[in-house]
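Protein chains: 2
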Amino acid sequence: MSPENKDADNKIDYGLLDKVVGYRLRRAQMNFFATFSEVFSDLGISPGLFAVIALVESNPGRTQTAIAQALGNDRSAMVAAVDKLEKMKIIERRPSKSDRRSYALYMTQTGNDFFKTASKRVMDHEKEMTSCLKDEKEVAWLLETLRTLSD
Amino acid sequence: MSPENKDADNKIDYGLLDKVVGYRLRRAQMNFFATFSEVFSDLGISPGLFAVIALVESNPGRTQTAIAQALGNDRSAMVAAVDKLEKMKIIERRPSKSDRRSYALYMTQTGNDFFKTASKRVMDHEKEMTSCLKDEKEVAWLLETLRTLSD
DNA sequence: TATTGTTATACTCTATAACTATA
DNA sequence: TATAGTTATAGAGTATAACAATA
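If you read the sequences in order, they're chains A and B. Throughout the first sequence, residue numbering follows UniProt numbering, covering 1 to 151 in sequence. Throughout the second sequence, residue numbering follows UniProt numbering, covering 1 to 151 in sequence.
In case anyone wonders, no lab produced these hints; they're calculated from the structure. One or more hints might be untrue.
Which copy is meant is left open, so a pair is good if it fits within one copy or across any two.
Claimed, not checked - As a list, the in silico EDC-like pairs of lysine to aspartate or glutamate whose alpha-carbon atoms are at most 20 Å apart: (1) K19 x E128; (2) K116 x D13; (3) K127 x D18; (4) K137 x E92; (5) K134 x E144; (6) K120 x D18; (7) K127 x E144; (8) K116 x D42.
As the structure is a prediction and not an experimental result, all values here were calculated from the model.
Whole structure, please, built from the sequences with the hints as guidance.
What follows is the structure, encoded as structure tokens:
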């Protein structure tokens, strides 16, 4: 190694970044989403679409706007998402009985089957990704910590 | 509350999502980046640009590609980033002595001052965002956990 | 007046491919 | 042949503004 490129050959020093939760959150999330996309490539949905399905499954009958707000998205972004999930026969729009402006979202039977398959896949993915943690207690602690960080 | 919209008035049940590290990572990271952007609106840089600056500061003389790889970005994305930071007089390209294809990146004096200001702002932001955690030990534990999750 | 779903639009981020000059 | 920087481009994702129907 010649003296003049000594620096360039050393390993990168992350300096301050290594102590910044915001940066470390981003790297961890990028890793989760990249592997998620691989695991889900055959099912044809993104992490964002899975979140929509999971929320409709747990909260049948909600409006598009309610689901969007719960996910922190703008309601305009829900249109394409629900269009796609309706084309995939996973969820369906039904006219709201109490408000003719809005639709209520429900799972289809196909959607329930799909959700069962996808959920198992998600939990397997989670298990693999969190295998570096000590035990279930540590995973629970991490989940609780992340929740407080998003409030 | 009328019986037919009982469900719609209840609070959202996050169901499975609440147990999914990938989803909780995303929400936490979105919160960090949104508040970061507010805090940095007057300085004119995004979280991604701050990461570039921090890495150049800790690793002067590296090439664009080296910085990009360290951040997990494509090298093509570095062009606009370095263009902008060079226009802001924060970092500068210098011709590499050993390889005429590449540039070495260095901080300017303005850049060093800027970094000092920005770093303080970042650490203040971090402190506020992690104030919900018990102590410094818990922050360190979180940082270490997040690091293992991104490998 | 306010809200729901919708469309159009724009802006950022990211990824890919191809080009040039060097190695 | 391979690599560094660059350009063009295209695809997500996201946010804003406006509109029609309805509240």
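Results for each hint:
1. K19 x E128: The answer is between: 14 Å across copies meets 20 Å, while 25 Å in one copy does not.
2. K116 x D13: between (44 Å within a copy, 17 Å between copies)
3. K127 x D18: between (25 Å within a copy, 15 Å between copies)
4. K137 x E92: neither (38 Å within a copy, 48 Å between copies)
5. K134 x E144: both (16 Å within a copy, 13 Å between copies)
6. K120 x D18: Only across copies: K120 and D18 sit 15 Å apart there, 33 Å inside one copy, limit 20 Å.
7. K127 x E144: both (17 Å within a copy, 18 Å between copies)
8. K116 x D42: within (15 Å within a copy, 47 Å between copies)
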